[in-house]
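Model the placement of chain B on the given structure of chain A, informed by the hints.
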Amino acid sequence: MNLNRRYIVMRFLQMIPLIFSVIILNFMLIHATPGDPARIIFGEFMSGGAGSGEDEARILAAIREQWGLNEPLHVQLWIYITQMLSGNLGYSYRIHQPVTTIIAQRIMPTLILIIPSILLGMILGLLLGVYSGKKHPSAFSSIVEFISMIGYSIPTFWLALVFILVFSVNLNWFPMMGMQNPLDGSMLDRLWHLCLPVATLTFGWTMPSFMRLSKASVIEVSREDYVKCAQAEGLKNRVIFYKYVLRNSLLPVVTLTGIWIGVMFTGAIMVETVFSWPGLGRTMFDAAIARDYPLLMGVFLIISVCVVITSFATDIVIAILDPRIGYEKRYD
Amino acid sequence: MVGLAIVIGLALMSILAPFIAPYDPYEQSEDIFRPPDAKYLLGTDNLGRDLLSRIIYGGRISLVFGLVVGFLSLVFGMFMGAVPGYYGGLIDDAFSRLFELFLMIPRFFLILLVVALFGNNIFYTMIIAALTMWPSNAKITRTQVLTLKKRQYVDAARVVGVSNLRILFQHILPNGLYPVIANSTMQMASAVILESGLSFLGLGDPNFISWGQILQGATRNITFWWTAVFPGITILMLALGFNMIGNGINYALNPRMRERM
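Chains as they are written, first to last, in the numbering used here: chain A, 1 to 332; chain B, 1001 to 1261.
Everything hinted at is true.
From the structure, some residues in chain A lie toward chain B, with a derived Cβ separation under 8 Å:
id, residue
1, 21
2, 153
3, 154
4, 157
5, 161
6, 162
7, 269
8, 270
9, 274
10, 284
11, 288
12, 289
13, 293
14, 296
Because the hints were derived from the structure by calculation, they are not lab data.
Fair warning: this is a prediction, and the values are worked out from it, not measured in the lab.
Using N, Cα and C, we set each Cβ at its ideal position, and we do this for glycine too.
Okay, chain A solo, but in the shape it has when bound (with noise of 0.2 Å):
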C-alpha cells in the first residue's frame, strides 16, 4: 500500500507541471503570432465597441502597460503565469467582459447539453457492450460492433442535420433550434428543446465510445488466466462474471470518462452551433470567427487546464480502485 500511495501523491505532483506547460504555450502562441501582441491581446476585429484610433491607442498602451509589453521576454512570461494563476484570463473587448465572467456565464448551458449525453450514453453504451462481450463472438455482438463503429465514424455535425431535417422539418415532432421558445420557457418546453441535440451528441459520440469500450474491455479480462483458473475451479459462469470480469472491466471505462471532458466540448461547439444552442462552444466559434483571441485564448486554457486536472483525478481514482497501479514499475 505504500508503493500505491506514493504512486497518488507522485501524480498529483506531476500536474503542477503540465499546468505550467500549458499557460506557457499559452504564452508562446501570443508571441508566434505575427504582429503586435497588444493587438492580439486585443483581438483583431472591426467593430464599433472601441471607436476611434485615439481609443485604441489608449487601449493599446493600457494592454502594454498591464501585460508588460515592453519588459523583455522573460518578464513577460513571469507576468503572464502570474496574471493567469491569479485568474485572470484575459478580458474581450468585444463583448465589454472579462473572460472569466464570460466563461462562468455560458458554461451552464453546455453543461445541460453534456452531462445528461454521458450518463445516457454511459448507460446505454456499457449496458450494450458489456452485453454483447458477454454474447462474444456472436451475431449479436457483431452487430453491436458494427453500429458502434459507425457511431464513431460519423460526423456529429452531420448527424444532427439528419436528425433536424427528419425529425423537425418532417416529422415536427421536435423543435429546430435554440434552448427554449421566448414565450414558453417552462421546465417542459426546455426539456423538448433539449431532446434532439441530447440524442445527437448521445448517439454520435458518447454511446458509440463506451459500447466498444466496454465490450472490447470485457472481452479482454474473460480471456485473462484468473478467469480461466476460476472456471476450472467450478465457478459458475455467472458468478464469475459478475463478481470478476465486470468489475475488472468497468476500469478502463473510468478512464475514458476522465478524460473525456476535453473531446466532450468538441462535440459540443458542433452540436452548439447546428442547433443553435446558447452554450460556451459556440461562444467559442463565434470567438473564432470574429478573431476575438482574449477569449479564445482564455477558454483555451480554461479547458486545457480542466482535461490536465480530470485526467490526473482519473489516475488517481484508479490508483485508489486497482491496488496493483504503482506496482508495476519494479518489476520491469
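Relative to the frame of chain A, chain B by itself:
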C-alpha cells in the same frame, strides 16, 4: 477488408475526379436547388452547381488530409516512441511526460485557436492535427519496443555486434509495427472527421472544395435535403472505411478475441 475496399474506392474516385465528374464543380447554372433527377444525379446546390461533381472533387481534400495527418502521426510517433522505449531510464521518463502534455491538449480548440491566429491554411491545420495525434502512436510504439527488446533475437544481434540503431530499425520496429498501424488508420478516420468539421464551421481552407464545406451551405437551406444528406454519407463512408481497416488489423493481431468464453 471491406474497409480497405471502401477507402480504395473513394481514393480512386478522387484521383479520377476530372474524368468521371459529369460537370465542372465550380460551374454555376440556373437550375438552383433541383432535387436529384436524371440530369443531376444528386441534385444541385444553391448556386446551381452539380452536387455529385462537388462531392467527387471534395473527396480529394478529405482523403489527402486523412492520409497525410495519419502518416505524419505514424512516422513521428513511432520514432518518438521507439527511442525512449529502447534506451529507457531518464529519457523514458522525460518522453513520457512529453507524451502526456501533448495528449492533454484539446485538439479541436488548438486548431480553432491556430486558425484564428494564423489563418486557415490547410497545411497549418494538418501539422497541428498531426502534432496532437502522434503521442498515442508514440505510447504504443514504446510499449511494443519495451516488450520486444527483451526477445532473444535482440540479444543475439547485440552479441554479434549489430549497432543499437540497427537493432531498433531492422529488428524491433518491423515486428512491432502492426498495432501502431491500426491506431494510425483510426486516426486517419478522426482526421477526416476533423477536417470536415472545420470546413463545416467555415474554418477550413476556402481554396478547396470539401465535404464539410458543402454541408455548411446545406445548413441554411435544410429543406433541400439532398445537399445535407449526401456529403455526410461520404464522410461517414470514408471514416468508416478507415476505422474498419484499423479494427480489422486489431482483430487479426489479437487471437484472444476469437476464442469462445
